[in-house]
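Undergrad: Chains as they are written, first to last, in my numbering: chain R, 535 to 886; chain U, 49 to 408.
Keep in mind that the hints were calculated from the coordinates and are not lab data.
A virtual CB, placed ideally from N, CA and C, is assigned to each residue, including glycine.
Careful, some of the hints might be misleading.
Covered stretches of chain R (in silico footprint by chain U; criterion: 3 or more residues with CB under 8 angstroms from a CB of chain U, positions within the stretch not fixed) [unchecked claim]:
(1) 744 to 751
(2) 859 to 868
If you anchor each label on the Cβ, the simulated ranges turn out as follows [to be verified]:
(3) R/LYS843 - U/GLU101: 47 to 55 angstroms
(4) U/TYR164 - R/SER654: 47 to 55 angstroms
(5) R/SER654 - U/LYS309: 33 to 41 angstroms
(6) U/ARG148 - R/ALA586: 50 to 58 angstroms
(7) R/SER654 - U/THR296: 52 to 60 angstroms
(8) U/LYS305 - R/GLU793: 53 to 61 angstroms
(9) R/VAL682 - U/HIS387: 27 to 35 angstroms
(10) U/ARG148 - R/VAL682: 44 to 52 angstroms
(11) U/ALA58 - R/GLY787: 25 to 33 angstroms
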Amino acid sequence: MAETLDITGAVCPVPLVHNQQIVLGHGSGGKMAADLIAKTFLPAFDNPALRAGDDGAVVDISTGRIVLSTDSHVVAPLFFPGGDIGHLAVCGTVNDVAVMGATPLYLTVGFILEEGLELSALERVTASMKASAAEAGVQIVTGDTKVVQRGKADGLYISTTGVGILPDGRKIGGAQAKPGDVVLLSGTMGDHGIAVLAARGELGFETDVRSDCAPLNGLIADLLAACPDVHVLRDPTRGGVATTLNEIAKQSGVCITLEEKSLPVKPAVASVCEMLGFDPLYVANEGKVLVILPAESAEKALETLKKSKYGADSIKIGTVSAAPAKRVLMRTAIGATRVVDMLAGEMLPRIC
Amino acid sequence: MEFTTPFRDADLVRGVLAEIRRTVTRPWVLMEICGGQTHSIVRHGLDQLLPPEIELVHGPGCPVCVTPLEQIDRALAIAARPEVIFTSYGDMLRVPGSDRDLFSIRASGGDVRVVYSPLDAVKIAQENPSKQVVFFAIGFETTAPPNVMAVLQAKALGLENFSVLVSHVRVPPAIHAILGSPSNRVQGFLLAGHVCSIMGYWEYPELAEKYRVPMVVTGFEPLDLVNGILATVRLLEAGKVEVANGYTRLVTFEGNKSAQKIINQVFMECDRPWRGIGVIPMSGWSLRPEFDAFNAEKRFDVADIAPKESLLCIAGQIMQGQKKPHDCPAFGRECTPEHPLGATMVSSEGACAAYYKYGR
């Protein structure tokens, strides 16, 4: 046994302050979690309902019906030209509520954070969500955070749920398309899908394509004020315009015929698609809306859509008829007709 | 896009179609050899606008479709190994093997990655020295230069953890097999423009002479295709047998000689089974013995693979031009792009997938 015990060098180990990276403790529900809420989430999303700090948010609503929609976002990379996962998480859910004809008011948000995520990345995402929510005029009123072990997630996943108010008498939905209607699209196809693909850096070439990710509730509100007779609104996200129109054709029991010549695609998107063997009709959009309404209202609708910065390239792309029911057809540029089917599984680049 | 737009000009295409109608006097059966051409024809609806005298049958030129089942089963067995990163062109992932596909290997924990170029697979091998990186080198002559380049580069880098599972096929022996078949109906060929951009078309005059069948090197855009059809019909109507070049902006008689040189340096001709068709003598390319170190079939023990093909699938007859996809009782019923029974329903170049997708 030692004669003396030298204890002058020993100190009580103070835990490290984890203010650079997410660690499991941030999801513990304890002090670190509270800190994350106080320093990161509250400043970004600040509003009375959130500030109350209760288990749920209490919000005021006017009379009418409520529209609810939920979406989970798992995009890689988290940041891409034209947007990021936060912008996407707000716009995606705002748009899903808006295309029901409702006015989106509130969002809830769930974060799944991977251990090791840079806090600065999370802060960039929350700042982006703040800006998107402000533009869309919605409040993020309640949320949740979980942290999973490194390797169990891809940096950051975000789930959002949106609440909106649907005015009495408004009936917009995928089953409302009628023979004689026309199909409008609020701009070019495939910008988001190609921007994200390019941002992954796997293509071996660079493009200047930017994601079209945008909140469309303003544009949709203006459209519905000008043209209350809109039958269908839908945002053609994953699966693209072709898949969304197939869903509508089936729901409404109608035939939708597209004009190949009028389908809007940016030259850069068209080039990437040519090289990889993709069809822009199947590539994702995050800031476009398909509008189906009676032919006599088409001109007014286009005029209204074009006034918005998100609808400047709006164009009529097709018509609705009774038969063959539940089909989407295309008049090709050279005058033949073919079927436009849904996307089967994952879109794969072809061999040569 | 400015490179393709003029070749999709509707007025020009309609003009050539009118000329085809004026030229044709009796029925002709033409085969477009390449799956890319099949897709373009059906996607743009060219087949609907041709005069009824002209029947297009679809050739075996889809590299994904003709990759033999045993080779896919080998790929699946290799990809399932824990030490392997298996890399492939995208559209191979959904091709069914005897009981699974590469997607299900990935879902069960296999490391299966889509690459856009085989050189990306070499890079993955450099970055993962503790893993065995395998590239599924399939395709016709078109993909041979990048595939052999990957082997040459891996050799130059001294990589010991890179190998290729080769299933290469060549067009001329397939044409020979089709024209030599007693049930052959094909009277004229649209040759595959991209294959000829590598190989030239010096291999074809002998075939054309032997079987008295005209051939026209043809591209993939609507205007290329109708021009190729018009040129073939003109030759047929005039009773001429020759090999013409309708894709001069990309193809020369000799082809790309540097590409041919490296192909011959790495590959040698071999007998190759074609899925649904059977073995076509000397129709494939395999690695020369001096590249054994990069041969995945030698590196992994995958010799005793006994494939089980679906009994319903008639892909072989379709790829020989004897039947159309809708002649198959399983088409659109048991066999769809979501649940393919054969590879012709999977690949973006497969005839069945084209018919299904574009509603024929």
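Undergrad: Now look at each hint and say whether the structure bears it out.
TA: Hint by hint, here is what the structure shows:
1. 744 to 751: violated (count 0)
2. 859 to 868: holds (count 5)
3. R/LYS843 - U/GLU101: 47 to 55 angstroms: Holds, at about 54 angstroms.
4. U/TYR164 - R/SER654: 47 to 55 angstroms: violated (31 angstroms)
5. R/SER654 - U/LYS309: 33 to 41 angstroms: Roughly 52 angstroms apart at Cβ, these two residues miss the hinted range, so it is violated.
6. U/ARG148 - R/ALA586: 50 to 58 angstroms: holds (53 angstroms)
7. R/SER654 - U/THR296: 52 to 60 angstroms: holds (56 angstroms)
8. U/LYS305 - R/GLU793: 53 to 61 angstroms: violated (45 angstroms)
9. R/VAL682 - U/HIS387: 27 to 35 angstroms: This hint holds: roughly 34 angstroms between Cβ atoms.
10. U/ARG148 - R/VAL682: 44 to 52 angstroms: Roughly 29 angstroms apart at Cβ, these two residues miss the hinted range, so it is violated.
11. U/ALA58 - R/GLY787: 25 to 33 angstroms: The hinted range 25 to 33 angstroms holds for U/ALA58 and R/GLY787, with Cβ atoms some 32 angstroms apart.
Checked against the numbered hints above, the structure breaks hints 1, 4, 5, 8 and 10 and satisfies the rest.
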